[in-house]
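J.: Residue strings, one per chain:
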Amino acid sequence: MPRPGYVLEVDRSTPPTLFWRGENFSLEKLPAGRSRVIYPPEPLPALADIDGAIRHALLNPLGQDPLPTQLFAGMKLTIAFDDVSLPLPKMRRPDIRQRVIEAVLDLAAQAGVDDVVLIAALGLHRRMHEYELRHALGDRVYDAFHPRGLLWQHDAEDHENLTVIGTTDHGEVLEINKRAADSDLVVYVNINSVSMDGGWKSITTGLASYRCLSHHHNGETLQNTRSLMGHRQHSALHTSIWRLGKVLRDHGPKVFQIETSLNTDMFPDAYSFINKREWEWTAKDRATYLGVTKGLSLLPVKARRKMFFDIHSPHQMTGVNAGDTELVHERTLEKVYAQQLVPVEGQTDILTLGIPFVCPYNPDGVMNPILVMCMGLGYLFNMYRNKPLVREGGVIIMTHPTYRDFNPVHHPSYIDFFEQVLPDTTDPVVMGQKWEKQFAEDEWYRHLYRTGNAYHGVHPFYAWYWGAHGQQHAGKVIIVGGDAATVRRLGFTPASTLDDAFEIASDVVGRQPTISHLHVPSLLVADVQ
Amino acid sequence: MSDRPGSKTASMTVAQLRRAAKVGDAASAALQAGLKPVRSLGFPYRRPSRPKGVVMPPEENTLGADFETEWARKAPAKAARALFNAGPLKMFVRWMANPEVVGLDRLADLLDRDETPAVIFAPNHHSHVDTPLVISVVPGEFRRTLVIAAAADYFFDKRVKGTMAALFLNAFPIEREVTTRKSSDQLRRLIDLGWSLVIYPEGGRSPDGWGQDFKGGAAYLAARCDVPVVPVFIDGTGTIFGKGMKRPKPGSTKVVFGAPLYPVEGENTRRFNARIEAAVTALGDEALTDFWTARQRAAQGANPKLTGPEHTSWRRQWALAEHRTLGKAGQRRRQKRRWPDLG
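Protein sequences appear in the order of chains A and B. The numbering of the first sequence is my numbering, which starts it at 1 and goes up by one. The numbering of the second sequence is my numbering, which starts it at 1001 and goes up by one.
Hints were generated in silico from the structure; no laboratory data involved. Treat the hints with caution; some may be incorrect.
[Unchecked claim] Pulled a few chain A residues facing chain B out of the computed Cβ check, cut under 8 Å:
| id | residue |
| --- | --- |
| 1 | D106 |
| 2 | D143 |
| 3 | L299 |
[Claimed, not checked] Footprint (simulated), chain A over chain B, 3 or more residues, beta carbon under 8 Å:
| id | region |
| --- | --- |
| 4 | 1099 to 1106 |
| 5 | 1279 to 1293 |
| 6 | 1298 to 1304 |
Just so it is clear, CB atoms sit at the ideal spot from N, CA and C, and this is done for glycine as well.
Let the hints inform the model, and build the full structure from the sequences given.
T.: What follows is the structure in structure tokens.
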């Protein structure tokens, strides 16, 4: 029986705590008597018969007829699926998407459906490489659909293949992929790594145009998104998306939503120490930690990245639901919270976060400084329900090397964003008004997005907006171990060690601040009472 | 100057020859004397003669299906086999069959279990190369506990042949036509002990290059032992060393693993066997076309049959040639060019 999450009150006998530092780790001593470490729940057991569970979900959907009865010869079927940003790290083969899509295709074949197209729901993310598509879909599906031109990657700039479904009462235009809009049935295959994924967000972002996304992906909306991972009514982003979802439901194609939840068994046995509580480390764990950290420190950054991106995570499916989008999403949220929720009492003055080597926007790429901000303030800070772990005006301390390093293939517009926009302003609202249009309409970025493997020109803005609430909430943000000039460019304060960071933070939170440390990995959502 | 008869040199040579003859005679006599006791020892050192008019009880057969192979699953034989599989066998298969393996991800759930379960691999069968090929491409977790069900009348008809098959392939004798209670009990015991089996449901190599109807042995055992059957399709071995070929001809092969099939409650052996055959047939289609085409045809029961067209004449052979061009046999490795010797 996996143990639930745990909040450890740090005392003098507490061993040092594991922190991510990008492509390495460190053990840090937290002040006794006023620090707490929030440990995630242990991974839930995976479903015993995953393929059986998928088939059962397709034959017994929530709020809809069984999938086979919705399929008929001569129909137009579109299967959309989440892109490479999920799950992290990439899972061992076979990927869940492959299992689900093969099961759907089996039923479609039995029903005599010929017109089937698969679409990678990229939104404004980069196009997936062939090896990534093969990993997500499996060689069988890839080899069957790609050579025939039936495997597409959504293009939010292909205006001939976008269509307007309708407009919300707030004036938000829902514009999505034309093939999906014209289909008799759209099957969407989700991987719900965290609670903000899935629901109406799948189609209204994954298959949407820039015009549609800009209604909710902006500085104001994200600043008012008070809880990305918690209750939806506290999230301006999700409120807007749900309005668009209503338009989709009333005027769009019929959607058969399939959502899957994963357990948090994120690292293989070779890295077993990562998932363990430090006082439970065995001699082997300690030896592994020493070997890994010493070995990594001798390697160049590229080799370290390669080592981490080569990890195939053993996480596996804990639940699968299919049918009506809203009913399915509620069930999925229950499963996700069952795995990730940890009750925590009250807020603290400081929140410490170890930033890992990857975030959803740099699979197989470089964690550039903007993504460090996005991961820290956008994702990890937001891993709460009800209230943030740190009080308003408190200090957020992150540990990451924060190199001034970019992947020019994946993130070309990030480079210019760093060089042009950030020296001018770090305010999400101001940069949105002043700079966003220029980047969004840049022909070169558009060309790279449409034909290469680059994120859309506007994407660095979105990554920055993602951290808008955290940025507004925190009185100060400190990055430990980062390149000083780069950290300052982000508008944060550099520090050499964690003790230095506490010293710097004392200007804001006094000499005896209370501290929370979010122990990642794996994933957890702090339910702050 | 030549030696005359009677001279000193000539007489010495004759004497030497005589001495040599004497030594030869002595050696021969010693040998005869040495062998005499052995010949004269007789029973119980030698087989007893049979008294006239006595009806002898039938001799216990230790060949064929009764060949004892228990020793081949003991630690020393396992260790020897592991070395053989990792070295010579693997190199041989790579050189001879150059396999492309797909569909192993379908076995991921079985491999993720704490203890790898016993399964029955059910491949189609065209060649003696099939067995080393399967052994070399199954995941290591299964390879360590893999038993090959081999035709008792072919592989175990002679002691030396049976011993080799048991040692190097971990072969186990099984009748082709009917699975007797003794055989099935032994196989069941092996499965209960965690050994996985390779059973060729066709019963033997293809006589003409097309497949044969599946016999029910694998389905029967799987249902009886409640273990999954993994359908496997092998393409290309028929042209490497098919039945009737005198010499093997290296080429390329493709091995497609299918999703494990479990016996359904209430399903009889015949139906389960039909499911296995349909699965291997669909994999055959997948190997030659693609996943989606194969699934579409499978849903309509329209996958091209492994047994080929119903013709009996040359058209069957003609169709086989066309069929082979679609598969791995159609992508033969470039043969080494032999230039004529023009002097």
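J.: So which of the earlier hints does this model not fit?
T.: 3
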